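For chain A, the structure is supplied; the task is to place chain B on it using the hints.
In case you want the letters, here they are:
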Amino acid sequence: MADWKARTEGAKVVKSICPYCAVGCGQSVYVKDEKIVQIEGDPDSPISRGRLCPKGAASLSLVTNPLREYKVKYRRPFGTRWEELPLERAMEMIADRVLETRRDTWESTDGDGHTLNRCYGIAHLGGATLDNEENYLMKKLYTALGVVQVENQARI
Amino acid sequence: MGTSFGRGGATTFQQDLQNSDCILIMGSNMAENHPVGFQWVMEARERGAKIIHVDPRFTRTSAMVNLHVPIRPGTDTAFLGAIIHYILEHDRAFKEYVVNYTNAPVILREDFKDTEELDGFFSGWHEDQNRYTFESWQYGSMDGAPHMDKTLQDPRCVYQVLKRHYARYTPETAAQICGIDAQQIIEVAEALCANSGRERTSAISYSVGWTQHTAGAQTIRGAAIIQLLLGNIGRPGGGILALRGHASIQGSTDIPTLFNLLPGYIPMPHALAHDNLKDFIESGSAMAGAWGNLDRYVVSLLKAWFGEHATEKSDFCFDLLPRINGDHSTYRSIMDMLDGKVKGFFCIGENPAVGSGNSGLHRRALANLEWLVVRDFNEIESASFWYDAPEIESGELRTESIKTEIFWMPAAGHTEKDGSFTNTQRLLQWRDKAVEPQDEARSELWFYYHLGKRIKEKIAQQAEPHADPIRFLTWEYPETGETREPSAAAVLREINGWDAQGKALSGFGELKADGSTACGCWIYCGCYKDEQNQTARRKPGSEQNWVAPEWAWAWPANRRILYNRASADPQGKPWSERKKYVWWDEQKSEWIGFDTPDFAKNKRPDYIPPNGAKADDAIAGGQPFIMQADGLGWIFAPTGLVDGPLPVYYEPHESPVRNLLYSQQANPCRRQFPRPFNESNPSPSELHGDAFPFVLHTYRLTEHHTAGAMSRSVPHLSELQPEFFCEVSPELAQLRGLIHGDWATIFTSRAVIEARVMVTGRVKPMILQGKEFHSVGLPYHWGSRGLVTGDSANDLLQITLEPNAHINETKGLTCDIMPGRRPRGEAVPAFLNDVRKRAHMDVVT
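Those protein sequences? They're chains A and B, same order as listed. Under this note's numbering, the residue at position 153 of the first sequence is numbered 1508, and the numbers go up by one with no gaps. Under this note's numbering, the residue at position 439 of the second sequence is numbered 446, and the numbers go up by one with no gaps.
Careful: at least some of the hints might be erroneous.
As the list claims (entries may be wrong) - Derived pair list, reagent style SDA-like, types lysine to any residue, alpha-carbon separation capped at 25 Å: (1) 320/B with 481/B; (2) 1370/A with 377/B; (3) 1428/A with 407/B; (4) 465/B with 1471/A; (5) 1390/A with 439/B; (6) 465/B with 1459/A; (7) 1390/A with 138/B; (8) 536/B with 622/B; (9) 1387/A with 445/B; (10) 460/B with 1458/A; (11) 285/B with 1462/A; (12) 546/B with 1398/A; (13) 1428/A with 399/B; (14) 1370/A with 709/B; (15) 348/B with 1455/A; (16) 536/B with 546/B; (17) 463/B with 1462/A; (18) 463/B with 1449/A; (19) 1428/A with 377/B; (20) 1428/A with 709/B.
Everything labelled a hint here was simulated from the structure, so no lab data went into it. Given the structure is predicted, the values throughout are model-derived calculations rather than measurements.
Next up, chain A with everything else stripped away, as it sits in the complex:
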């Protein structure tokens, strides 16, 4: 009994925000040996006052659960199984796909000659679970590529 220690003892505390709903509860993330050992409500937050709901309280599991995967997976056209693909190679292939589809589906003008300047063949869904900075780079890059079908959960 005397040897029992809290797993948070000696851990560094990093301040964070819950990733689930939009209440925006404060979280204290406890880090020991470069690993997250606990996530608790942050009592300093004027919104949540240290509380978390069942999902927020389970967010340690969200980031450490055994179902999480850490390697890129690739399925070729008409393929029947996943294949391995190094991250750098995947990035290169995706950049090629984007440019190719952009060339193939570029629309300079509509039937009446009005400017369109867009790539109609690419669409995007996602953003409501992401950071503002991420959404900003996405919107900026897509707009430069001429991709207009950029959408997120707000529509759903």
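Okay, now just chain B, sitting in the frame of chain A:
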């Protein structure tokens, strides 16, 4: 909200609910879906406030309130209409507020015709095109300020039009539509009236129970009209709180991953309207109010994106922006995938194969792509559909025949990257990275930054058509660590913007239209004020007043209650000591209070704009809605909505009954996509309108998160809610022979699924127009992957969109239910063919 008040965000903040004297929670199950925010409702209740929950099911929210009213899904506009009727009939509006701060006195044009005159339509309807033109909705006078009758007696003033418009929304009629007693509506209306005025305030909070309908925006407009009539906007304990479901869904609208917007609610350029920057600014600017400075916001955005290339000579690179020319929302994209027009798709932290309405149609669309990128924590259904979708099981799709090339990529979690979320109250809160992401997991910031970098490199090496926008794009951010992660703080600083010397701006008032300032999102300008990341401020709540202005940073300008000039009377004095918030200090000659005033700091309450004044200078000292061109809260919306200047009750797209109020059954402007696998169940007035007799609605549980990607992988949560179930009343169970704990098969003309039966008194039968009706409730979190699996409720849905926000109707559709397990394999398409045949749906409707 944007149309009524000027900004598309919650007008208040969660903690302020504690100051309410009455809270109406409607279209939201706050205790279960926003549990920690709900503590502020409980604070109000402990203080003696009246708390009301209007929602189809009795939930844990209902259990904690003073009054629960179980309305039929999809009838909210009728319910709110009856409250407006009550306020007007009993003369309970807060007159001084209404006359001075809203457009109730504005006199409308002679050619404006209300739904009263045209049986459910406004003037401007074009039957052949299924749409309105809006000229007749505009204000009567175009010469400067609109004509007004501050006595509210002129028969063509908004107040009198409103009275006639709502005359038929009696509590008795609404009660028949909603399936409740008129007395319940009167009790809610009376509670709101009794708790509004100088001394008291009421708040309304809503969620997707309002938005996911074919009349979603008009339902929110109904709430806005109530809050304007009762004088509850801009005041402590008042307001409308939109409760959003995702950590940064407000942020993804502000910095929009939405087709029709640029950052800060600047519209995307339209092919037919915007040939050059001048056209764009002229058509988008208002003479008065904050949109009078659109030129500053757009030019600063173009400077942030195209840097040195954006000059006056190059029209600030405006021509490099792509143009929209119609609906390019996600459901439209899905149809275009099915038709082969969209070939590549990025699916980033979303799971449409489970989470989107009519998910079966989405899976068929994914199977028709050339390439697909899915980024998530684990292999979700949107990545695995090619071998485990229900359509594979039924033989309708074959793995070997699906051409889609798929890249599944591991994403970094919220503890593995720096960045900010914008929560439901417009508050930007920064997170610090706690640990590095493992192996090949990366942030989206990393993915898009490095993708952009690669594309720029390729374009530099090869001749690429239309390369200028990419070549000119500013794309330099400091990289750190082994993975070369770009700096999120540097991106936030670009969003905030800088001046000609490269110094961080302190607010959007400093933006210029001459190209000397750059700013990625004008409404976020100030979040990096004084070269400090304001969103990372963490002064404990216990060391501040209840507004906590030094915790993080809220847009705009760190304001926590919007339009808070309205918390003072026209002379600038608080309406009452009890409800003081922001007021005019004559000695200091400025607005002061508990929050950042949402008004020009030194503009006197008696300021009258001189002739020819523009932008904010054209807003008078007594006009709190500074984003609107007239400075007023819009009870009547002359522009901004395509389906009418006032809310009208229409039945849901699929409904078990006829519309009692007008001969027009459903919202005539709703956007439909009639095609195979997206059939509509027939509704009354159509033949066989009773073929799908029950009302279907979908919802969420505390223990799961939307499409399950963030909860079906989490052991604790999966154990707490292991299995898909349907909620039915004891009466419906008896009618259809359903047994608690046993299986039920639920079906529409699109899909058939199975779920465990939960027989519960929390769901009540409804009496509609004298006849008993039943509903089936379905949480929609399950799919084929994860620790707990099950059928997806969203498979049952049909895609028909609200015409303003392009949001799908997911609540209030029709279905049928029977005991036992569903058919399997090839029996599924045969079963659905039979269902459609029995409903006589030979033709796609």
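Practice problem: Against the earlier hints, flag every one the structure doesn't satisfy and list their numbers going up. | Solution: The structure conflicts with hints 2, 7, 20, although it agrees with all the remaining ones.
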